[in-house]
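Spelled out, the chains give:
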Amino acid sequence: MAQTLIEKIIASASGKNKIKRGEIVFVTPHRILSHDNSAAISKIFEQIGAKKVWNPDRIFIALDHAVPPPDERKALNHKLIRNFVQEQRIKNFYDCGTGICHQVLPEYGHVMPGKIILGSDSHTTTHGAFGAAGIPIGRTETASVWAIGETWLKVPETIKITLQGKLKDGVYAKDVILYVIGQIGADGANYKSVEFYGNIVKRMSISERMTICNLSAEMGAKAAIAPFDETTKEWLKGRVTQPYEPLFADARAAYEKVLEYDLNNLEPQVACPHKVDNVQRLKDLPKVKIDVALLGTCTNGRLDDLKIASERVSGEKIAPGVRLLVYPASQEVLRQALKLGYIEKLVDAGAEVAVPSCGPCLGAYGGVLAPGEKCISSANRNFKGRMGCKEDTGIYLASPATVAASALAGYITSEV
Amino acid sequence: MEVQGRVWIFKDDDINTDLIFPGKYTYEPLRPEEQAKYAMEDYDPEFVRQVKKHDIVVTGKNFGCGSSREQAVTCLKYAGIDAIVAKSFARLFFRNSINSALAAIECPEAVNAVFEQKAGQGSRLSNLVMKIDLSAGKIFLASQEYSFPPWDEQAMLIFQAGGLVEYTRQRLQNK
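These protein sequences, in sequence, are chains D and H. Sequence positions in the first sequence follow our numbering and run 1 to 416. Sequence positions in the second sequence follow our numbering and run 417 to 591.
Since the hints were made in silico from the structure, they are not lab data. Keep in mind it's a predicted model, so treat the numbers as computed, not measured. Quick reminder that beta carbons are idealized off the backbone N, C-alpha and C, glycines included. Please note that a few of the clues may not be correct.
Sample of chain H residues lacking proximity to chain D, with all beta carbon distances greater than 10 angstroms (derived) [what the hints assert, rightly or not]:
1. Val-423
2. Phe-426
3. Glu-449
4. Arg-465
5. Lys-468
6. Lys-469
7. Gly-496
8. Pro-524
9. Glu-525
10. Ala-529
11. Lys-534
12. Leu-541
13. Asp-549
14. Ser-563
15. Pro-565
16. Leu-588
Subject to a maximum C-alpha distance of 20 angstroms in a straight line, what follows is the list of computed EDC-like cross-link-like pairs (lysine to aspartate or glutamate) [stated by the list, open to error]:
17. D:Lys-390 with H:Glu-457
18. D:Lys-390 with H:Glu-444
19. H:Lys-591 with D:Glu-150
Next up, chain H with everything else stripped away, as it sits in the complex (with noise of 0.2 angstroms):
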């Protein structure tokens, strides 16, 4: 399983539920596809107007704190995003992730050696392109390797089965 992307720079800790999916759309009947136009809409406009397929988001700790709400981990998926690189990620939205089979990477060093590459530039999308493997655990940047600590066995399960519907379905049947 592999990830290749640009890298976009969330240069924040403590990122909310409520900046990458606004509460006020959180009752609407939206399909994935339409709640992707919302994407961190209190945290950066530009955001949807320039990601494509693929992108990649580095971000600072507790990625997602806030509301269970699981439109904030399929707005980014329908985005285009591929995977998150974080610090650290809130549990709920953690959990979300590994749910909708989006890779929640946790992966301090890489998150530094990001940052530190493009400190205090204008635009969150930068011109990094990062490769990540996720069954080997390593991420590739700029001629440099990080390694980060699989999944508990059940969450690689479950984000090997494409996510916890396919992971529920393919129970059910087998019963």
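Chain D on its own, in the form it takes in the complex (with noise of 0.2 angstroms):
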């Protein structure tokens, strides 16, 4: 029987030759991450009885929440990540500031197509953008991976979603999907896995595959996945020194649905608080004023984030009363905007640039929200009371180009 590219992965991952929907196998991951969750993780691994990992090589863990600790109990959840990975010998590690844990696995080679990736956070379906697997988990069930190297998957229902078209310019891969989380709502994904397809997958880059696979999480997606091709192999030169095998969905394969969406004429949009799929038009948005900017965090603070928001802001200021706040998705990001300069625009114009880390994103320290304030953010949720604060504030997500504009404006725009 055909095949769609998610049974492809998991009857690889399982062992078996064929598999089929809604069938229950189990898998074993080539990575599995998690990151100040850890230190969770690792008491939960005691409580199993569990004494050594089962494979610390395939063990990845980044520290970059709370990055560097605000307060004690934060830095000493991290040393005791420190010393778990040291007892353990998880050779996988990235410390603090190396970046946010989505951006540091591909970086560092850790994503392989054709594989599963299992992950203690749910935008593990970034690593999609590989043409691999990627699941997220929780902290009980991580815990039991690492004790006994495999956990249960039920074989999902495929949705396959074709992008057709060529974009206007000001249009991304940010408006691309939030689009779509639109157009089929917060559940539309739930359980499923998703294939991207279409002119519009192919032209786009990694990073722009990544934002897309990424909030894919926010429609309840298993995994999001763009097929491995060309950009794909380019990309994991150099950084994947292992061979690998990518895997495709059989011509005839039979999706629960087939999605096509027609984006010639998309413009500018924006998710409006406090849900991801409460989208619209950027420019039927009544006039909304911002007390914060934020741009960056795993869904879009990659080098063409950067590279887009600091062309905006060039040579200008940003609107008084407004923080422009910069958190580049991990060191070799940061290294490269700092060469290329877009990091001296970003501060010109007054940005306040941070360690690379997932910030404010989920509120758990930095650049929160104060009561009543408003935020235009390149981040993946709305979610009231997700950056810190639930009294009357609210979270516009949108592209880091709209951000920019925003910063400058001090409302909500993306006109420059």
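Put the two chains together into one complex; each comes in its own frame, and the hints tell you how they fit.
Rendered as structure tokens:
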């Protein structure tokens, strides 16, 4: 029987030739990812009664959430993780400042096409950008995988999403995926895998594919995959050193749904408070004054994002009273952005540039909102209270170009 | 396996993990009993004041969408909640729930019945009492009976073991 991409990847990770939709199989991940939650996971690992992790080389930990730690409790949390890493001889450990787990994992060659990445973070779907299946799980399940090296998965249905056309100038991958989420809803892909096709996806850079796969978590996807091609191959060159074999969906694979979008006329989009599927055209939005503009995070903190934003603000100053926060996705991104002058342009415009990390996206610390404040953000969630405060706050999600333009104007706009 | 308790009505769809357990507490090393103090903080501050052991939450679709944070499950469990009956659950919340042995039941019919009986009331704590027979897949509410489909076999094994910690512990011991 013809198979979809997720079916092939799950079959491969479970050591089976053929699997059926709805079947329950056990899989061993190529990597299992965690971050600041690793201390909590290690406690559960001890509760399980495990002594040694099943395979230290498949465990990946990057500290990225509360970085650098703002208080002694969070500093201690990091210390417990470092101790565990040392005890268990985990070599794929990336300390504070290296970057956000979802950026560091592929940068350091840990994502291979055709493999399963399990992650104790909901945005593990990001790794679909490399033709892999990034599947999010919880803390207890992560501890269990550390102990026994496998977990169960139900082979999901697959939705095929085809993105056709040519995007207008000023319209980006972020606008595309916000539009799609607006169309299919916050649970539109719940329990399901998504495969992205079409000439828009073909033309997308790896960074842009990471953006659409990352945000697919916001429609409930179990995995979201942009199939391997020359772009993937180029990007992985010099990063993944072992040979790998990409997998592809069969031409006659059966999909639960096929959704085709012609995006020639797509315009900049914005997800309004407090749901990610509350999406509309930016130009239909009444004037919203902003206090904070957040650029960065695992969704849109890469080099192309910083380039676009820095060009928008070049030679200008952000509006009085607005804070423009910049969180590059990784040290590698930061280093290149420094070299290419993007950071200088952002700083000259009045931006506050931070250490590569998740920053205020989840309100854990740093850059959080005060009561009544509004934020335009390039991140992935606009839930009430998400950025640390729920009192009359509002988070609007949009592309880095819109974030930069809004920081200059003082209200939400995509106009230069 | 039977559960019986008072019914909380969260009459919204897409109640996300930030509303259930705010992100600002996620990297605090809190014990489950401490997590319970923040349950539903950004959705209904009354919840922690009035919640009691064995209460049941009844809610709309896609409950628990958003983050993978497991505290969204453990804070409810340690606040006293024995079961959540929803129109549907977000995948991660459902898995976390089974892994923590908190009953997550999908039964749109029962949810609609509850929503109809208690339209537009102030407090989210209703005077309804619900009984759930987990083995038989039945919900009993005001002389009516509703069926729900059983969990996947693997999910049932984990739930019956008392959660994934116990389940994996037994697997390790039997190795």
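Evaluation of the provided hints:
Listed as a non-interface residue, Val-423 (chain H) keeps its Cβ farther than 10 angstroms from every Cβ of chain D; the least gap is roughly 23 angstroms. Listed as outside the interface, Phe-426 (chain H) is consistent with that label: its C-beta sits roughly 14 angstroms from the nearest C-beta of chain D, beyond the 10 angstroms cut-off. Every CB of chain D lies more than 10 angstroms from the CB of Glu-449 (chain H), the least distance being 15 angstroms, so the non-interface label holds. No beta-carbon of chain D is positioned within 10 angstroms of the beta-carbon of Arg-465 (chain H); the least distance is around 18 angstroms.
Residue-level check passed: Lys-468 (chain H) sits 25 angstroms from the nearest beta carbon of chain D, beyond 10 angstroms. The Cβ of Lys-469 (chain H) lies farther than 10 angstroms from every Cβ of chain D, with a closest approach of about 22 angstroms, so its non-interface assignment holds. Residue placement check: Gly-496 (chain H) keeps its beta carbon more than 10 angstroms from all beta carbons of chain D (closest about 20 angstroms). Once the 10 angstroms rule is applied to beta carbons, Pro-524 (chain H) is consistent with being away from chain D; the minimum gap is 13 angstroms.
With 10 angstroms as the threshold on Cβ separation, the claim that Glu-525 (chain H) sits away from chain D holds: the shortest Cβ distance comes to roughly 18 angstroms. Against the 10 angstroms criterion, Ala-529 (chain H) stays outside the reach of chain D, whose nearest CB is about 21 angstroms from its own CB. Look at Lys-534 (chain H): its CB is around 23 angstroms from the nearest CB on chain D, clear of 10 angstroms, so calling it non-interface holds up. Against chain D, the non-interface label of Leu-541 (chain H) holds: every CB pair exceeds 10 angstroms, the least being about 21 angstroms.
Residue-level check passed: Asp-549 (chain H) sits 24 angstroms from the nearest beta carbon of chain D, beyond 10 angstroms. Non-interface call for Ser-563 (chain H) relative to chain D: holds, since the shortest CB-CB distance, roughly 20 angstroms, exceeds 10 angstroms. The beta carbon of Pro-565 (chain H) sits about 13 angstroms from the closest Cβ of chain D, which is more than 10 angstroms, so the claim that it is off the interface holds. Not every CB of chain D lies more than 10 angstroms from the CB of Leu-588 (chain H), the least distance being 6 angstroms, so the non-interface label is violated.
Taking the CA atoms of Lys-390 (chain D) and Glu-457 (chain H), the gap is near 10 angstroms; set against the 20 angstroms cutoff, the hint holds. The suggested pairing of Lys-390 (chain D) with Glu-444 (chain H) holds, with an alpha-carbon distance near 19 angstroms, which does not exceed 20 angstroms. Using a Cα cut-off of 20 angstroms, the hinted pair Lys-591 (chain H) and Glu-150 (chain D) holds, with the two alpha carbons roughly 14 angstroms apart.
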